[in-house]
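**Q** Residue numbers (the numbering used here), protein chains in the order written: chain A, 29 to 441; chain B, 7 to 96; chain C, 4 to 269.
Since the hints were made in silico from the structure, they are not lab data.
Where is the CB? At the ideal position from N, CA and C, for every residue including glycine.
A portion of the hints provided could be inaccurate.
What the hints assert, rightly or not - The following label-pair restraints were derived from C-beta to C-beta distances:
#1 A:Arg101 / C:Trp26: 47 to 57 Å
#2 C:Arg6 / A:Asp128: 47 to 57 Å
#3 B:Ser27 / C:Asp212: 29 to 39 Å
#4 A:Gln383 / C:Leu252: 16 to 26 Å
#5 C:Arg35 / A:Arg101: 36 to 46 Å
#6 A:Arg101 / C:Phe46: 13 to 23 Å
#7 C:Ser71 / A:Gly183: 40 to 50 Å
#8 B:Asp46 / A:Arg63: 44 to 54 Å
To be verified - Under the rule of at most 30 Å between Cα atoms (straight-line distance), these lysine-lysine pairs were calculated in the DSBU-like manner:
#9 C:Lys235 / C:Lys214
#10 C:Lys214 / B:Lys16
#11 B:Lys59 / C:Lys96
To be verified - For the chain A half of the interface with chain C, some residues (derived, Cβ under 10 Å), not all of them:
#12 Ser148
#13 Ser172
#14 Ser235
#15 Leu337
#16 Thr434
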Amino acid sequence: MGIVTAAGWTPEEVWSAIEAEESGLGRLTLFDSPRCGHMPVAQVRDDPAARSDPAARSDPAARSGPAARSGLREGSRTDHLAVYAARRAFSDAGLDSFGDADRREIGVVLGTSTGGILDSEGFLRRLMLEDRLDVSLLRFHLCSSPANAVAGTLGLLGFRATVSNACASGATAIATACEVLESGEAEIVLAGGADSLARLTLNGFCSLLNVAPDGCRPFDAERAGLSLGEGAAMVVLESEAHARARGARIHAYVAGHGSTCDAYHATAPRPDGSRALAAMRSALDDAGMNPTDVDYVNAHGTGTVDNDLAEARALMQLFDGHPPPVSSTKRFFGHTLAAAGAIETVVSILALHRQRVPANLGLRRVDPAMGFEPIGHTSDGDLTVAMTNSFGFGGNNCSLLVERPTDDRGQGT
Amino acid sequence: MDELVETLKKQIIEALSLEESTPDDIDPAAALFGAGLGLDSIDALELVVMVEKHYGIRITELEIGRQAFSSVNTLADFIRKNREPCGESE
Amino acid sequence: MRRTVITACGCVDEGGFGNARSWTRWPGGVPRLRWRMFSDQPFDRFGRLDLLCKYAVAAVEMLELPPSTEGESRPDLALLLGSDNGSLDTDVKFVRSMHEPGGASPTLFSYTLPSTALGEIAIRHHITGPGACVMAGPESGLLALWEGMAWVAEGDVGGCICVGCDAVSASAADAPSAHAYAFLVADEAAVATQGNAPLARLALSPAPDGKIDQTQRPLRQLFRLLASGGGKAPGAALYLPAPATLNVLQVMTVSNPNGRSDGRTG
């Protein structure tokens, strides 16, 4: 697994933030935004590990951000975040020793919604305000760029696709990678999501009046919207047989996945949560499990009035009024859009390893309409199976189930 | 003929990409939202942008917007009351 | 693994629009798309869609799906969209809007995601099964077709609408560079029990000895074959390459639905 967020650059750092209940939200410094710059965002700050890096000492500010830490020579911010996480996951899976021939067979499925838009905004700004064309800023615009950067950096020539499913992209990428493994098209697939902060998304969500001025408070009675974040997470998915044969360490199994569409509205979720519920049921069916098998739900929980209510309705129906521990971790990392599903998968796996349920940070008083009480503080749990949900604009819903390695079914990560 | 009302009709059609509608199709006294033009909550936000863009009036509270956007007539009244004294519509 | 067939096709491109039943050539250059060109059913929302969504929705309309209502959602039907440029056209328009007085356009914002096209198609036809937008360069549409065929063959869904769509306009004055091809891939056995006649069968086979025609867009080749009834000719009518990103040595054969399952002349 590899991860980079506003709350940390490694799984250990991320988990420390969760234990300390420290939010990654802060002031926006990545770019100026007269209309929206006052909104707290989860911006990836400098890598603490760079402090001990001699090369970073000469110019700390420039040398410890994603561009310096990724190992990628050039790319958009999203490319750098993706490659950073991919390389960490690759090493973690013990694949650094793989030669060219073996790497050629490894696939990449990556979810992104912004792609290189942060740089492209610079191109358009220059064109509109200064009448200057600087096409160098467009090189990394396309959504397929981060997947290509990951594949190019690591020499991976297997199945490659970019999934652009809005906020469900990261989870959909992992589900798609599972299908690739199941069909035998590849034995190993790197999957996950990456998105950077951008003026486009910040202005866009602000124009929908969907952004919380004091940070997101999922499921809270006074929740006022989401907080935008950035980051990346990648997992190495592998067939169990292949993983065991080469003695790889298995972090978790992807026990099942399910996807549906709301077919309701471009940006608002179906209020009754019925298709979100169907995605969760579909994941459980895929895993051969019942709702009672789920020990923890990492909710999509963006903190918007509509999403949290629809999701709560779906959860209450699925679990017959008695859900297991539920929390949304979005106040730690912000809503990282396409990266969210992947970041939250990694967080769910960390929760399973440590037998601890992450806090639903930001909760002061739960909205009684939810019908359940999210976990207010990071606390102990008896966790074998975790469900993580991601619901995107356009109504795409994706639910994943991850399982602690205690039996030998399914696939490993 | 109220010039502001006619101008607003054209601006609404442009802002909301109502390609199949002409200004004559819009009854200035009829409700803009719900039935009729089939506008939704995001369209209301788009009208907020439109009002600021053309008239320099910034609507910061949804409730004010909701009342102003009841119909083209109420919107025209709202603009007349709130725009700068020397402001001209585009 | 189930056998898969194509039961419907649709196209809107620089030449015109149509399906297996009829084709309409654009009289002059490519016009601004208007809903009444494609259907006499009301759909007021069409004019408000962005360029990518208009092309994708129009191509799917050409499939002539049976009508459905809100209460009869289709959970067993999936949607796959493959696009190289995705929402580029709207991305540019949206960024421009950010710099205008009044600020960013909220209605444009939802179109800065190519997956919104999936949402618009799903809403119109009440399709509630799985869906994904895949982006893998110029072969994105082809990838959507391959993935859709795999989903149906593996029994994940009963049918999949696969759309390859790219739509970008250089400026408001110029004609856009845009095309959309839509195909309904379905389980052959299910189609047979419904008494429908498929247009062609899909199968995978080793690459043929002859070279594959790379001069045309693969999905345009496929559409033209199906629209002309060529899918029912004996033998393998068309070989479609695998997108490079799939890294497989097979090709997709498009052949007579009543022929031998291996696609060879029988």
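**Q** Output the indices of the hints that this structure fails to meet, ascending.
**A** 2, 3, 4, 6, 8, 10, 15, 16
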